[in-house]
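Using the sequences and the hints, build the whole thing.
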Amino acid sequence: MIAALLNRVVPRLLGVLVFAAALGIWEVWARSEESFLVPPMSAVAERAWQVWPTADFLMPVAASLKRLAAGFAIGAGIGVVVGLMMGSSRRTRRTLEPLMEFSRAIPPVAIVPAAIVVLGLGDAMRIAVIAFAVCFPVLVNTIEGVRVVSPEARDTASILHVGSMGRTFRIYLPAALPSIVAGLRIAVSIGLLMVVISEFLGEGDGLGRYILFHQSQFNMPEMYGGILFLGLLGYVLNSLFLFAEHRVLTWHYGAAGVQAP
Amino acid sequence: MWTRQPLLDNGTMVRRVHRLVKRANLAGWLFVVLLSAVLEAVVRLFELQDSLPPPSATLHALADGMVSGTLPGELVTTLESYAVGLALAIVGGVVLGVAIGSSRTLLDASFVVIEFLRPIPAVALIPLAILFFGVGVPMRRLLIAYGALWPILINTLYGVRGTDQVLHDVAATSGVTRVGRLVRVTLPAALPSIATGIRVSASLALLVGVTAEFVIGTEGIGSYMQRQQLAYQLPELYAAIVLVGLLGYVINVGLRVTEQRVVFWVGEKRMTGR
Numbered sequence: 001m002i003a004a005l006l007n008r009v010v011p012r013l014l015g016v017l018v019f020a021a022a023l024g025i026w027e028v029w030a031r032s033e034e035s036f037l038v039p040p041m042s043a044v045a046e047r048a049w050q051v052w053p054t055a056d057f058l059m060p061v062a063a064s065l066k067r068l069a070a071g072f073a074i075g076a077g078i079g080v081v082v083g084l085m086m087g088s089s090r091r092t093r094r095t096l097e098p099l100m101e102f103s104r105a106i107p108p109v110a111i112v113p114a115a116i117v118v119l120g121l122g123d124a125m126r127i128a129v130i131a132f133a134v135c136f137p138v139l140v141n142t143i144e145g146v147r148v149v150s151p152e153a154r155d156t157a158s159i160l161h162v163g164s165m166g167r168t169f170r171i172y173l174p175a176a177l178p179s180i181v182a183g184l185r186i187a188v189s190i191g192l193l194m195v196v197i198s199e200f201l202g203e204g205d206g207l208g209r210y211i212l213f214h215q216s217q218f219n220m221p222e223m224y225g226g227i228l229f230l231g232l233l234g235y236v237l238n239s240l241f242l243f244a245e246h247r248v249l250t251w252h253y254g255a256a257g258v259q260a261p
Numbered sequence: 262m263w264t265r266q267p268l269l270d271n272g273t274m275v276r277r278v279h280r281l282v283k284r285a286n287l288a289g290w291l292f293v294v295l296l297s298a299v300l301e302a303v304v305r306l307f308e309l310q311d312s313l314p315p316p317s318a319t320l321h322a323l324a325d326g327m328v329s330g331t332l333p334g335e336l337v338t339t340l341e342s343y344a345v346g347l348a349l350a351i352v353g354g355v356v357l358g359v360a361i362g363s364s365r366t367l368l369d370a371s372f373v374v375i376e377f378l379r380p381i382p383a384v385a386l387i388p389l390a391i392l393f394f395g396v397g398v399p400m401r402r403l404l405i406a407y408g409a410l411w412p413i414l415i416n417t418l419y420g421v422r423g424t425d426q427v428l429h430d431v432a433a434t435s436g437v438t439r440v441g442r443l444v445r446v447t448l449p450a451a452l453p454s455i456a457t458g459i460r461v462s463a464s465l466a467l468l469v470g471v472t473a474e475f476v477i478g479t480e481g482i483g484s485y486m487q488r489q490q491l492a493y494q495l496p497e498l499y500a501a502i503v504l505v506g507l508l509g510y511v512i513n514v515g516l517r518v519t520e521q522r523v524v525f526w527v528g529e530k531r532m533t534g535r
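Protein chains in written order, with this note's numbering: chain A, 1 to 261; chain B, 262 to 535.
There's no promise every hint is true.
[As the list claims (entries may be wrong)] Partial list, computed: chain B residues near chain A (C-beta under 8 Å):
#, residue
1, VAL294
2, LEU300
3, ASP369
4, VAL373
5, ILE381
6, VAL384
7, PRO399
8, LEU467
9, GLN490
10, GLN494
11, LEU498
12, PHE525
These are calculated hints, taken from the structure and not from any lab test. C-beta atoms are modelled at their ideal positions from N, C-alpha and C, and glycine is treated no differently.
Shown next as structure tokens:
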């Protein structure tokens, strides 16, 4: 029993130890080098401890999150709706496919200058480019999810005269849900990337701006803190969606009467 | 005495042509043309040239830029950093992934560090990378390499860990050396997974590369876009966007085709599903 516990704890501990050692090396190296570019880890942590709970830091975080939420909602909404249309009708899929394949091959940053021309340098532009980037992973995964619906389910629905609305909401959407949630998880990290990129440009606030501002002021601990916070945010968001994915999958297999693999 | 057989009998021929037509997806491309035509009409009718160039002007600018050599020049600059950065990421990701994936101890030791570094968006490191490496080519290469490393590393790691232990044991008892097992068992087994990682990284690397050029604006197609936007040269700007989209498309398709050729044994289901 104790051996089993040790077996589970020791590997975890090893990972934490290596991480702590890496931080230690950073600290010692930065102190001995006294490099301007690399502040000691303790200085970054100290500054983060002081700054993170204040409005100076939380306001930009809130602004970034608001943009992410707005862009994500719009992009994911479009992705799911168009995905359901393309997934359930072969003709729609074939018609829209070349346009989709081309649009999603554009690195989302490339539409930023076009968005600036149309929408200016404000939040509308930021939300638009975030939505653009978020849309495609969701769209692709929704199509995939709908396409795996068994022909039997489709045929049964059509024999029972289930209308296209009923079919969409009662068959395609639930069936595609695990795939959609997986797409949302990929989309949220791309969305975060676009939040940062869009905030590098123009006026305003946000985490991207915060990092760039402190870089220009050579406030190294603040800049490192901002970057680390972004990593943390990405980790938390990813974990949330992983959790949702797991729940949806459990429910999905439960509803189908199968054990999750 | 023998009669010459036609290379293809009639039925095969008909099927091939049929498949070509089907694959060409006429409806889809017609839709693109139709959409462009509608856009053209709307822009000209409502005089929206200030915010959106008519597609014909974009095409014209694209052709001009290609002929004059401006666009290819910028594209080559972008592709250089892209190729080197991605190559670094592939080598680093596969080597690290195989090493970590084949040793339980290494995996345990490194997972916290990996989980810590992986979620940091590569573009957030641009301000830091500028301070370290300046605004030139080395900075872009390293940034691209860093961003592209993680999907390859993680996918390689999973691929290696997913290798069937029985294959290892059989190879070991048959007297295959460690190196031989690595090359003949582990790598082929992990290859589909590695290919997936490379495909994900290839688009991510393009995003990171163009972003770095766009934000810093010294050279490359990203900075070209930024300059056209500032100069309000909309057809030139859109021409560059279309070109980058085409580049991304060619990279996607190229990798998908290569993947199907190289990891051909993964089977129909994976090949058609995308």
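Would the stated hint for B/VAL384 survive a check requiring a Cβ distance to chain A of less than 8 Å?
holds (5 Å)
Restraint outcome when B/LEU300 is required to lie within 8 Å of chain A by C-beta distance:
violated (12 Å)
Return the status of the interface hint for B/GLN490: holds when the least beta-carbon distance to chain A is below 8 Å, violated otherwise.
holds (4 Å)
B/ILE381 as chain A interface residue, shortest Cβ-Cβ below 8 Å:
This interface hint holds because 4 Å falls under the 8 Å limit.
Tell me if B/GLN494 is really an interface residue toward chain A, meaning its C-beta lies closer than 8 Å to one of theirs.
violated (10 Å)
The hint names B/PRO399 as touching chain A; please verify it with the least Cβ-Cβ distance against 8 Å.
Violated, because the Cβ-Cβ distance from B/PRO399 to chain A comes to roughly 15 Å (cut-off 8 Å).
Restraint outcome when B/LEU498 is required to lie within 8 Å of chain A by C-beta distance:
The hint holds - B/LEU498 has a Cβ within 8 Å of chain A, the shortest such distance being about 6 Å.
Measuring from the C-beta of B/PHE525 to each C-beta in chain A, is the shortest one below 8 Å?
violated (22 Å)
Does the interface hint hold: is B/VAL373 within less than 8 Å of chain A, judged Cβ to Cβ?
holds (4 Å)
Interface hint outcome for B/VAL294 [beta carbon to chain A under 8 Å]
violated (10 Å)
Have a go at the B/LEU467 hint: is there a Cβ in chain A nearer than 8 Å to its own Cβ?
holds (5 Å)
Hint check, B/ASP369 versus chain A [nearest Cβ-Cβ separation less than 8 Å]
Given a least distance of 4 Å, the restraint on B/ASP369 holds.
Consistency with the previously given hints fails for numbers 1, 2, 7, 10 and 12, ordered from lowest to highest.
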